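Asker: Here are the chains, one letter per residue:
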Amino acid sequence: MPSGEVPAVPAPEVFLCGDDLVAAECADTRSAQALADHLRESGEWIECVAGIASCSAQFDLVKVTAADAAQRMMTALQTVPAARNVEAGLVDVPVCYGGDQGPDLDEVCRLLGMDRAAFIESHTGGEHCVDMLGFTPGFAFIGGFDAAREVPRRPQPRLRLAPGSIGIAGGRTGIYTLAGPGGWQIVGRTPLELFDAGREQPFLLRAGMRVRFVAISEAEFDARRTP
Amino acid sequence: MTLRILKPGLQTTVQAGPRTGQRHLGVPASGAADPLSLALANRLVGNAAFAPALETTLTGVKLRCDGMAFAAISGASAKVRLNGERAKRHRTLALADGDELEVGPAKAGARNYVAFAGGIVADEVLGSASTYLPAGFGGLQGRALRAGDALEVGPFDNAPDMLRTPKEFRPRATTSWALRACYGAEVDLLEKESRFDLFDTNFSIGNRADRMGLRLEGARFAVASGGRLASAPVFPGTIQCPEDGIPFLLSIDAQTIGGYPRVAQVARADRHLVGQLRPGDHVRLLWRDSDSAREELLAKHDYWREWLPQISAVI
Chain A
12 MPSGEVPAVP APEVFLCGDD LVAAECADTR SAQALADHLR ESGEWIECVA GIASCSAQFD
72 LVKVTAADAA QRMMTALQTV PAARNVEAGL VDVPVCYGGD QGPDLDEVCR LLGMDRAAFI
132 ESHTGGEHCV DMLGFTPGFA FIGGFDAARE VPRRPQPRLR LAPGSIGIAG GRTGIYTLAG
192 PGGWQIVGRT PLELFDAGRE QPFLLRAGMR VRFVAISEAE FDARRTP
Chain B
4 MTLRILKPGL QTTVQAGPRT GQRHLGVPAS GAADPLSLAL ANRLVGNAAF APALETTLTG
64 VKLRCDGMAF AAISGASAKV RLNGERAKRH RTLALADGDE LEVGPAKAGA RNYVAFAGGI
124 VADEVLGSAS TYLPAGFGGL QGRALRAGDA LEVGPFDNAP DMLRTPKEFR PRATTSWALR
184 ACYGAEVDLL EKESRFDLFD TNFSIGNRAD RMGLRLEGAR FAVASGGRLA SAPVFPGTIQ
244 CPEDGIPFLL SIDAQTIGGY PRVAQVARAD RHLVGQLRPG DHVRLLWRDS DSAREELLAK
304 HDYWREWLPQ ISAVI
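Order-wise, the sequence lines are chains A and B.
Last residue of the first sequence: 238 (our numbering), numbering continuous.
Last residue of the second sequence: 318 (our numbering), numbering continuous.
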């Protein structure tokens, strides 16, 4: 029978979330990412995954008890280097905004009280940062679009998005790497293949990379798309 | 030796071990949804536990051997026919050139594993030959098998011993399952009554059940997430509860990040059972803390080690 409480762990910001999973709360995505990287470098964990404001690590329950794992996580929190200013490079991501490629652009403009030109200027205006990859292989959560902080996800997810679709939600830009369902507001599409399992480097983007969106026309999109 | 698929069934894929260490890139585990049954089938044909094999879903598969082969089947309960004659699961089968092997519909459980001595030759992507359907990689061109597909079987040094899995090492598929589970990260978002009910409900598996996840129907849980939760890591075995109050259990193809409250986590010892759940099956969650879950995992490993020495790498 449940006794009503999750087993006690030594600090409020470290908690168990399964028999072989321990997690830590983090101030923001950058620090969650830094913690996940730090844990991964130790080689002691099976998986180290950052979320938006937390980091989970899976341990080998055969070799490690929950108390040991929680202790290791505590130690990692104390030894993690400050979120690195990764010089991981700056990637230009070409985007064809609106039309068939961006069916939610007008709705997003309406929510933000902007016209299309102002939206595109705002989205292409600054540098963004890849907060994390996740959900499906290579899906990029890209932070730094504060103008769209109040844009929610669609009430009903779309059932089939084209790979390369660029979505907006909660101040982030998301890039769908695979065809499939998705709930973000789709404002455009990139011809870049962000994920290709057959490439030597399957992932074009990595957490910590900086991204600049560059507006392209429908004709340029068609020309740049690999057949 | 070549396998020719005659009837592919609902969803037959090539599956091997999981992809590990890449969830931070968004790469799910995939691999056999029931890794214990995969290892048991491979054991009978002298393969490594996670050699690539066929995973059938509910309806089974029919294939022809072009060449001689050794095969074995483990998993859901189903009739097996060799050239139309009844054959047995849980033993090494010697197949001659032209033989037709058929795994019938699963009567209990969802998935069977058909292993061949030498293992199936498959695309190795990101460290595993397992098929991951949503992204279309691994296995045979990243897709489910179709009638007419030809699959190569790898070479093997010696003919395997003709074995039978001892009775006590044949998992019994059922329609009524108990899964040991620990609290999840956001169990606090369930109201107290709901938290109790989570471990006191006879759930039934909903119709939308696949390698990504299964719905646990039978009760509605009051969850106080306000619909806005920071996306957080999820894993196979994670049980999330969205605002509609109907929890779902993530399976082996689980996405890496989820936005719904994580209310429970199926214990490692029982995660392999998730791959055998089918629509309509009944499920109860049994609450454990991590320490008792660990003791039970070690005990389960001790039990299985006699037949599967590498059990701790399997489940």
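In case anyone wonders, no lab produced these hints; they're calculated from the structure.
Mixed in with the good hints, there may be bad ones.
For each label pair, taking beta carbons as the anchor points, the in silico distance ranges come out as [stated by the list, open to error]:
1. A:D79 x B:N205: 31 to 39 Å
2. A:D126 x B:R223: 18 to 26 Å
3. B:H285 x A:D126: 50 to 58 Å
Which residues of chain A face chain B? A partial, calculated answer using Cβ under 10 Å [said to hold, decoys possible]:
4. P105
5. G110
6. F146
7. A151
8. G155
Owing to the predicted nature of the structure, the values given are computational and were not obtained by experimental measurement.
All C-beta atoms in this analysis are idealised placements derived from N, C-alpha and C, irrespective of residue type, glycine included.
Asker: Could you tell me which of the hints above the structure violates, numbers in ascending order?
Answerer: Hints 2, 4, 5 and 8 contradicted; others consistent.
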